[in-house]
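K.L.:
Those protein sequence lines, which keep their order, are chains A and B. Per my numbering, the first sequence starts with residue 1, numbered consecutively. Per my numbering, the second sequence starts with residue 339, numbered consecutively.
There's no promise every hint is true.
As the list claims (entries may be wrong) - Derived CB-CB ranges, DEER-like: (1) A:Ala175 / B:Leu466: 52 to 58 Å; (2) B:Ile449 / A:Pro288: 47 to 53 Å; (3) A:Ala159 / B:Arg697: 39 to 45 Å.
Claimed, not checked - Here are some chain A residues the structure puts well away from chain B; computed CB gaps all over 12 Å: (4) Ala39; (5) Val81; (6) Asn139; (7) Arg188; (8) Cys189; (9) Gly203; (10) Pro216; (11) Glu217.
Keep in mind the hints are simulated off the structure, nothing from the lab. The beta-carbon is built from N, C-alpha and C at its ideal position, and this holds for glycine as well.
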Amino acid sequence: MTSRWIVAAGFACAVLPGLAAAATLDDVKARGALHCGTAPNIPGYAFTDDKGDRRGFDIDLCKAMAAAIFGDANKFKLTPVGPRDAFAALQTAAVDILTHRFTWTYNRDAGSGLNFTRVMFYDGQGFMVRKSLNVKSVNELNGASICVGQGTTTELNIADYFRSHSMKYTIVTFADLDEARRAYDEGRCDSWSNDRGSLAARGLGLKNRDDHVILPETISKEPIAPMVRQGDSQWEDIARWTFDALIAAEELGITSANVDELKAKSENPEIKRLLGVTDDLGQKNGLPASWAYDAIKQVGNYGEIFERHLGPKTRLGMSRGQNALWTNGGMMMAPPFR
Amino acid sequence: MSAPAAAATIARPPEAARGVLAWLQQNLFASPLNTLLTLASLYLLYIMAPPLLDWGIFGASWLGSSSSDCPNRETACWVFVRARFSNIVYGSYPIAERWRADIVFAVAAAIFGLLVLPRLPGKLWIGLAALVVVPAVSSIFLAGGVFGLRSVETTLWGGLMLTLVVAVWTIVTSIPIGLLLALGRRSSYPLVRALCVAFIELWRGVPLISVLFMAAIMFPLFLPRGVEFDKLLRALVAFSLFNAAYMAEVFRGGLQAIPKGQYEAAQALGLGYWRMTGLVVLPQAIRIVIPGIVNTCIGIFKETTLVLVIGLFDFLATVQTGVSDPAWLIGDHIRVTGYFFVGLGFWVFCFGMSRYSQRLDRQLAAGKAYE
Chain A
1 MTSRWIVAAG
11 FACAVLPGLA
21 AAATLDDVKA
31 RGALHCGTAP
41 NIPGYAFTDD
51 KGDRRGFDID
61 LCKAMAAAIF
71 GDANKFKLTP
81 VGPRDAFAAL
91 QTAAVDILTH
101 RFTWTYNRDA
111 GSGLNFTRVM
121 FYDGQGFMVR
131 KSLNVKSVNE
141 LNGASICVGQ
151 GTTTELNIAD
161 YFRSHSMKYT
171 IVTFADLDEA
181 RRAYDEGRCD
191 SWSNDRGSLA
201 ARGLGLKNRD
211 DHVILPETIS
221 KEPIAPMVRQ
231 GDSQWEDIAR
241 WTFDALIAAE
251 ELGITSANVD
261 ELKAKSENPE
271 IKRLLGVTDD
281 LGQKNGLPAS
291 WAYDAIKQVG
301 NYGEIFERHL
311 GPKTRLGMSR
321 GQNALWTNGG
331 MMMAPPFR
Chain B
339 MSAPAAAATI
349 ARPPEAARGV
359 LAWLQQNLFA
369 SPLNTLLTLA
379 SLYLLYIMAP
389 PLLDWGIFGA
399 SWLGSSSSDC
409 PNRETACWVF
419 VRARFSNIVY
429 GSYPIAERWR
439 ADIVFAVAAA
449 IFGLLVLPRL
459 PGKLWIGLAA
469 LVVVPAVSSI
479 FLAGGVFGLR
489 SVETTLWGGL
499 MLTLVVAVWT
509 IVTSIPIGLL
519 LALGRRSSYP
529 LVRALCVAFI
539 ELWRGVPLIS
549 VLFMAAIMFP
559 LFLPRGVEFD
569 KLLRALVAFS
579 LFNAAYMAEV
589 FRGGLQAIPK
599 GQYEAAQALG
609 LGYWRMTGLV
619 VLPQAIRIVI
629 PGIVNTCIGI
639 FKETTLVLVI
649 GLFDFLATVQ
659 TGVSDPAWLI
669 GDHIRVTGYF
679 FVGLGFWVFC
689 FGMSRYSQRL
699 DRQLAAGKAY
709 E
């Protein structure tokens, strides 16, 4: 009994200094670089371009943080982590923030010593079927076989949905998301299910994309949010408000192109506060007064980031949908900057 | 003087035993079963080779720079490999500094060329120096930060370059450590023996992936705050300690194969432990274990792909992340081509190692006992 306590105490002494380290910001500043954990390869969110540069929606969120802290969007280091190791990487301070594709769920938030900052992407699970199947709704998929990738909430969502609608189903699981798509393409399953964002992105690999259709139903809520360690509320505030600033910038019509002009000329009090012309909002979080200006100037507002990597002009071709601003019928809203 | 005379008396083989037809008969159609196997192989080749050649060469897309140049989804898209070649070779190593990697590649190729040469004075010493000095110097050269070279963080290293760095470092360090462990395991000092046994069994008993995970994520927890070890360095240490345990067991096999009489004879000549080991035991044991060492080296080379779990993009991972670039998301033929290329790359290196070991085997005539 006592020896067990000694081991536990030893472990606590070794681990807690890392976890309880309150001033993440100080560490980051001393290091001169923000450490972000991102997915290794997800089309549109985190990938490597032909030149070897890491790009994507998640990478830009990391850059925005770096810009807010250092005034330089290039002062970041990326650690690609798979979904299995990502939480451990954040808990052990190997990274300062996860700009990853994690759904905000109760268990991940309450049990893990980690906190979600704010939703940066509303996703949901959808289904793709062949047009030739003549299916118009998920509710017509009774008895269908469904190809899915392993290790996510995908399987649980299907089980919940089909059971609550008293429908039969067969799940065929694959370790790799692309393998699930490939098997569906080869006719192993009637349907292929994943987050709608993934269906859009990975669906581009289908032999003939035009033969397939994504069904209208979204059977789950998948609010995707960057994560930080629990116990450092200043750091959490910095992350959340930096992301809020990107959304507020879109609400206020501030873009990377016009931010200089607005900073010099705008009479809108909220713009003046956000860009650090009248108030010094940054200082309360230990950041320079130009924190939001730097993030917007160097990375762009939320809409710009979305359009750059996911929007209709990209190969992924996603519409804003739920990710539109609240004023446009979406769910993106930043709390007021005052 | 007697040799030409002897040769003259040897009768020429009968006409039927020479020529192409005779070779075919002896090697391909010697017996009914042999004939059947030959025909089956020819048939397999007949049905497999044309589609493969068509997929990979004749019908493949070779020219261009973007995914729109690969319209045919049924054939290989070498445009992808060409467009991303520099990423596959160097990872995210800064473009302006890639000449440093080129120099390292050139030096490594030159050294390998020297080692393959059949006769070279002082080859052993050149080899040993190359194995120790070159990896150390080239790592410093790649990392920079000294002699006016720009510092390049190891998180930016990637591609084939990273794979080779990890493989070469691991092989070069694990062989001597493994040898010492093997000797230690057979030591007559109980403490040394126990330590070596414990070390070997500990490292062999855990999966490499968990060792890497510990090195990358858990290890920093036990350091004082602010102290940081380079992640690649941690991974390299993990790789070499892990594989040293395997090497140790390979060496032990060789040491055990040396008859006791050899030890006794060496002792009878008055040789001490180190001279006995260095002059009598090891030269014989190492010959025996060459196939085992090369086997482990090939394993190490392929294991390097695990560095992805600690967030480093090796040869395989650069291709994996390449096929996730939306610019290349047009169909499975991109993915298939990329993976085929990686497979081919790994095969070339592993087959090269295998051939080199066979050559070494022949040169040292270790194969004699089995012929």
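K.L.:
All hints are to be evaluated individually against the structure, with a verdict given for each.
P.N.:
Hint check:
1. A:Ala175 / B:Leu466: 52 to 58 Å: violated (43 Å)
2. B:Ile449 / A:Pro288: 47 to 53 Å: holds (51 Å)
3. A:Ala159 / B:Arg697: 39 to 45 Å: violated (58 Å)
4. Ala39: Nearest chain B Cβ is 9 Å from A:Ala39, so the label is violated.
5. Val81: violated (6 Å)
6. Asn139: Consistent with the label, A:Asn139 stays out of reach of chain B, its closest Cβ about 30 Å off (over 12 Å).
7. Arg188: Check passes; 14 Å lies beyond 12 Å.
8. Cys189: Given a closest Cβ separation of 16 Å, the condition holds.
9. Gly203: violated (9 Å)
10. Pro216: A:Pro216 clear of chain B: closest Cβ-Cβ about 24 Å, beyond 12 Å.
11. Glu217: holds (25 Å)
Consistency note: the structure conflicts with the earlier hints numbered 1, 3, 4, 5 and 9.
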